[in-house]
Amino acid sequence: MTAVANNDAVAPTHIETDVLVIGAGGAGMYAALEAAQAGASVVLADRSLIGRGGATVMAQMTVAAALGEQTPDHWEYHLSDTLAAGRGLCDVRLAALLCEDGPRRLREMDDWKVGWAREDGHIKQAQAPGHDRPRCAYVDFLSTGPAVSRTLRSQLNSANGIRRIGDLMIVDIALRDGEACGATALHLTTGQAVTLAAKAVVIATGGLTGLYRRNSASSNMGGDGYALALRAGAELIDMEFVQFFPIGHLAPRLVGMDPIMWDPFRYKLGGKLLNAEMREFEQDYATRDTRSDGRYVLTRDLATYAITREVEAGRGSPAGGAYLSFQHLPEADIRSAFGPVVDRLAANGIDLAKHPVEVAPIAHYHMGGVRTDTTLQTRVPGLYVSGEAVGGANGANRLSGNAITEALVFGAHAGRNAAQRALQSSSLWQPQAADPTLDLLRSAQKRDVPNLAAVVAELKALMADLVGPFRTEPKLRSAIQAIERLKTDIGEVPVSSAATFDPVLVDWLDLRNMLLVAQSVTVPALARTESRGAHQREDYPGLDENWGVNQIVALSNGKIELSRSAPVTGRAAA
Amino acid sequence: MKATLAIQRGMPGEAPRLESFEVAFEHGQSVLDGLRALRLQADPSLAFRFSCINANACKECMMLIDGKVDYACTVRLKEGVTALAPLPKKALIRDLVTEIAPPDERLWPRA
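Protein chains in written order, with my numbering: chain A, 1 to 574; chain B, 1 to 111.
It cannot be assumed that every hint is accurate.
What the hints assert, rightly or not - Here chain A is said to cover these stretches of chain B; the calculated rule only asks that three of the stretch's residues, wherever they fall, bring their Cβ under 8 Å from a Cβ of chain A: (1) 19-28; (2) 42-50; (3) 53-59; (4) 76-87; (5) 98-105.
To be verified - Some residues of chain A that are not near chain B, with every Cβ distance over 12 Å (derived): (6) Thr13; (7) Gln127; (8) Ser425; (9) Asn557.
Source of the hints: derived by calculation from the structure; they are not laboratory data.
Glycine residues also receive a C-beta, built at the ideal position from the N, C-alpha and C atoms.
All chains, full assembly: derive it from the sequences and hints.
Right under this line is the structure:
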């Protein structure tokens, strides 16, 4: 595992390792820790800083696991809530892995001093929508994700055998005879190509919410890992299911805070959602689904539906969302629940005791992802997946609190399984495996193209407007055409603007991935002529029992290929 | 409202050059909002680091803002001129990008 700075402009820097982990968010860090603990040498690569990007660090919310600390619980109860939220499409083996192993991972994090909020000597667990009992641990105040990231970063610092490399953008998985043997990367700070030989590769790049105009994730969550997996020959599953978080912050402009911060306020204080007439409207929508049972809490897909409908009916707030009000609460209650956060809000000119804020649905999470077996290996031998990038566990809609649990659980399993493979096999690396990608990078040229940053913005706008929470055939067809047009616009030759830290080349490489992933969402969304979970078709309202199938996306001669598969409902193989 | 961003640009070993851009903004928008708008409207080659955009979670957008080390995502745009420069005590990579990763998280630890 040594890197030699090269003076020869042609030969790329080469690094060898047992396990390569792509992406250093929660899932990637956990995968690296487990792989190293199993005895493998690990390279943990991230396109930005280690442990700072991705979704985990942004998550201010809660982590679901059947710890039974607040109230008696069993992971089977957690599983049944997870499956119900997934509306018939979960891979029950992956969902069971998530729920069964969750408590162990949360306790491990507790041992590592993550600082779960406690009450009367036990870990405090809050009730979140869709759960049958209080199950969600958190770190005060709104610090769950940052605390999880910090804890994993500090474990990485003291772990042996993990080499961390930031500013390293993985461009393609390297293959030999259809098996993963490493990757080819662009080192952003020097502009040089880097080749990495690895006996197993773990994709931990998170989801694709960066494809949408308004989203709650880091800027680099454009679905890189899905594109890497597709081009390597892996399959994607449930790609049409993009979760919109119903009450993302909309107005007034709020800086220095996560836009999805209002949910914990609602759990603790019960804020009211109001339309432009200052009338609560959640009840109007609560009977659409038997699971919501007319209760105050709507699951995320129903709340997204409710707010969008109110806006469409002309009852939206001035910025185009709903009001969220805490004005019915005494100021002291708000202060005692959120302490220093109240001051951060004041710095943004927000006083919850006096004025409501405006909220609207925001792209938050992606249920779909790379299709794996129960070892989290794709159909490409040696290529593993972890965290949000794994498809199947959450079906058509993710239960709140399952995302960080899945980062930890799937991170650990993918890391350990990748290490086992690596320790049992010899390197398949051959330099030619990197050639296609090295040729691509070498062909980058300064040329006259549309402003690629603006093309990225255009793609995000069209995904939000045409492939958002409410879809129709005309919208989806026009999205597919627009994506094709953007593909033609950017061409097949990379564009560069500078020798080092070139944002234009990064935009081009991002668009190469994003456009492929945007197609992988839109094509199955058009095919699914029903409404289920996070996929809502205005022209096909209601769930169609014939559509109780997963859609699988693969790449065949550069073209998206769609097929169907019955959901895995038996756990025998788990 | 219009803000003018006076940005110190260039590579290591080059004489830094100052380029000024005007950007329209709404009350409450951040310096990072302005930089991102500039890439879309004026110059996509402008290099600066950011990841979380809004949450002050990633800490990547640290730069010199009107002579003070601060985060572009939390400082608000203002009317008139705002001076932006790379961090003075970190190795310059390009434009507003400096080497801010801890040494053992770099490809070449001493690079």
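Status of the hints after comparison with the structure:
1. Counting residues of the stretch 19-28 of chain B whose CB lies closer than 8 Å to any CB of chain A gives 3, which reaches the minimum of 3, so the coverage claim holds.
2. For the stretch 42-50 of chain B, the stated coverage by chain A holds: 6 residues have a C-beta nearer than 8 Å to a C-beta of that chain, and at least 3 were required.
3. Only when three residues or more bring their CB closer than 8 Å to a CB of chain A does the claim for the stretch 53-59 of chain B stand; here the count is 7, and the claim holds.
4. Judged by the Cβ-Cβ criterion of 8 Å, the stretch 76-87 of chain B is not covered by chain A as claimed, because only 1 of its residues qualify and three are needed.
5. With a cut-off of 8 Å between beta carbons, the stretch 98-105 of chain B has 5 residues touching chain A; three or more are needed, and the interface restraint holds.
6. Not every Cβ of chain B is farther than 12 Å from the Cβ of Thr13 (chain A); the closest lies at roughly 7 Å, contradicting the non-interface assignment.
7. The beta carbon of Gln127 (chain A) is kept farther than 12 Å from every beta carbon of chain B, the shortest such distance being approximately 25 Å.
8. The beta carbon of Ser425 (chain A) is kept farther than 12 Å from every beta carbon of chain B, the shortest such distance being approximately 26 Å.
9. Chain B leaves Asn557 (chain A) outside its interface by the beta-carbon criterion, the shortest separation being 32 Å against a cut-off of 12 Å.
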